[in-house]
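Residue numbers (the numbering used here), protein chains in the order written: chain H, 475 to 693; chain D, 13 to 161.
Treat the hints loosely; a few may be bogus.
Unchecked claim - Straight line, CA to CA, 27 Å or less: simulated DSSO-like cross-link-like pairs of lysine-lysine:
(1) K530(H) x K572(H)
(2) K572(H) x K160(D)
(3) K108(D) x K530(H)
(4) K108(D) x K645(H)
(5) K572(H) x K621(H)
Unchecked claim - Quick list of simulated restraints, FRET-style, between CB atoms:
(6) R644(H) x Y158(D): 45 to 51 Å
(7) K621(H) x E154(D): 26 to 32 Å
(8) K621(H) x G115(D): 52 to 58 Å
(9) D683(H) x G73(D): 52 to 58 Å
(10) E161(D) x R504(H): 43 to 49 Å
(11) R642(H) x A141(D): 41 to 47 Å
(12) D125(D) x A511(H): 56 to 62 Å
To be verified - Now the stretches of chain D that chain H is said to cover, found in silico as 3 or more residues with beta-carbon under 8 Å:
(13) 87-93
(14) 102-116
Since the hints were made in silico from the structure, they are not lab data.
We treat Cβ as the ideally placed atom computed from N, Cα and C, and that holds for glycine.
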Amino acid sequence: MTETAGTYGTEFFVRWLEAVAEAVEREADRLTELDAAIGDADHGANLRRGFTAVRKALEEEPPTAPGAVLVAAGKQLISTVGGASGPLYGTLLRRAGKALGDDPQVTRERFAGALGEGVEAVSRLGGAAPGDKTMLDALGPGVEGLKVSFSAGRDRAGEGAAGTVPLRARKGRASYLGERSAGHEDPGAASSALLFAALAATARAEAADGTRTDGEGAA
Amino acid sequence: MSAGRDDDGRGGGGMSAGRVGIVLVSHSAGVAAAVAELARGLAGGGDTAPVRPAGGTPGGGLGTSAELIAEAARAVDGGAGVALLVDLGSAVLTVKALLAEGGELPEGARLVDAPFVEGAVAAVVTASAGAGLDEVAAAASEAYTYRKE
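Please put together the full structure from these sequences, using the hints given.
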């Protein structure tokens with residue numbers, strides 16, 4: 475194992491995005507059902523298309539630093555998703571990637587800070603605030619949790635997503651529904667929680683399987 | 013990416029050289045194309061400023077395509093700037109995200125805050141008359157102030 479304890483390299487971030495792609499694949503129907511209730515029923519399919527493109531891009535042109543992984547992924551999402559989640563998730567990852575710069579290894583705390591910058595950029599792009607029943611309601615708590623631990627990030631993001639159920643949407647297509655948007659989990663918050671769940675799972679696998687990396691982390 | 017296009021626009025001596033280009037971004041290919049046709053028609057037809065629709069997804073579905081937007085913006089870029097008008101949701105966010113990135117849209121590309129149909133007509137009329145990007149953007153935005161009752 476070549477990684478310094480407590481830091482994460484390029485391979486870790488590639489594995490994380492692969493885990494997200496798998497989670498999106500697995501949960502696509504649920505995301506689309508949530509979106510059918512208050513949106514236009516394309517969230518699962520859109521994200522599946524986006525993260526499939528992310529996987530392909532990372533395989534074809536493997537980036538050489540964690541920041542570059544996130545920037546490349548963000549770019550793919552903006553280009554391929556076709557719905558609002560493309561520019562929003564794309565901006566999240568791209569801004570976080572830029573914040574990490576060229577560093578070959580980053581700590582969890584550093585990544586949490588970079589992701590926090592991404593969340594702020596998402597908030598500016600969409601003009602949404604916490605409590606508007608959007609992805610921010612999972613991303614914000616997720617980043618706060620990530621400052622403590624990967625599993626806290628997963629838990630807080632999941633709680634944040636579940637917490638959108640009673641809220642009334644104030645942004646996006648769901649906001650046209652007014653009161654009728656209450657009683658449904660926001661699909662963007664649900665997919666945001668998947669990002670943090672995949673991150674915790676990737677970190678757990680890394681910790682449990684530390685001897686397996688065979689120098690993969692050397693990049 | 014835009015440098016070659018600038019040269020093409022300036023050196024080509026075509027009818028649209030030096031005029032502001034207009035890109036109309038809608039969730040629907042049909043809406044974008046029809047609004048482009050309407051705006052050209054109301055601008056007098058013939059020698060109008062370059063206008064390109066960027067509607068729907070490459071597969072023909074409803075949605076927004078960064079690729080179609082970038083392609084349309086390059087096609088209308090004659091070096092005098094490109095005004096992008098958008099309908100809603102992901103059309104707005106995609107153009108904003110592309111502009112924030114830099115390098116994906118031509119130099120001088122700008123998101124114009126305007127109603128889609130009325131703004132498109134105002135933009136094409138003013139751009140065809142030779143107005144600069146600021147003037148085109150202002151005319152399109154001003155379309156918000158026209159009340160219908």
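Tested hints:
The straight-line distance between the Cα atoms of K530(H) and K572(H) is roughly 21 Å, inside the 27 Å bound, and the hint therefore holds. Only pairs whose Cα atoms come within 27 Å are accepted, and K572(H) paired with K160(D) is rejected, the gap being roughly 46 Å. For the suggested pair K108(D) and K530(H), the alpha carbons sit about 25 Å apart, so the restraint of at most 27 Å is met. For the suggested pair K108(D) and K645(H), the alpha carbons sit about 16 Å apart, so the restraint of at most 27 Å is met.
For the proposed pair K572(H) and K621(H), the alpha carbon gap of about 19 Å is at most 27 Å, so the pair holds. A hinted range of 45 to 51 Å for the beta carbons of R644(H) and Y158(D) is inconsistent with their spacing of about 28 Å. Range check, K621(H) to E154(D): Cβ separation about 47 Å, and the 26 to 32 Å hint is violated. The supplied range of 52 to 58 Å is broken by K621(H) and G115(D), whose beta-carbon atoms lie about 33 Å from each other.
About 41 Å separates the C-beta atoms of D683(H) and G73(D), a value inconsistent with the hinted range of 52 to 58 Å. For the pair E161(D) and R504(H), the beta carbons lie near 44 Å from each other, so the given range of 43 to 49 Å is met. A hinted range of 41 to 47 Å for the beta carbons of R642(H) and A141(D) is consistent with their spacing of about 46 Å. Taken as a hint, the range 56 to 62 Å is violated for the pair D125(D) and A511(H), whose Cβ atoms sit roughly 31 Å apart.
With a threshold of 8 Å between beta carbons, the proposed coverage of the region 87-93 of chain D by chain H is violated, since 0 of its residues qualify and at least three are required. With 8 residues bearing a CB less than 8 Å from a CB of chain H, the region 102-116 of chain D meets the requirement of three and the coverage assertion stands.
Figure legend: structure checked against the earlier numbered hints; hints not met, in rising order: 2, 6, 7, 8, 9, 12 and 13.
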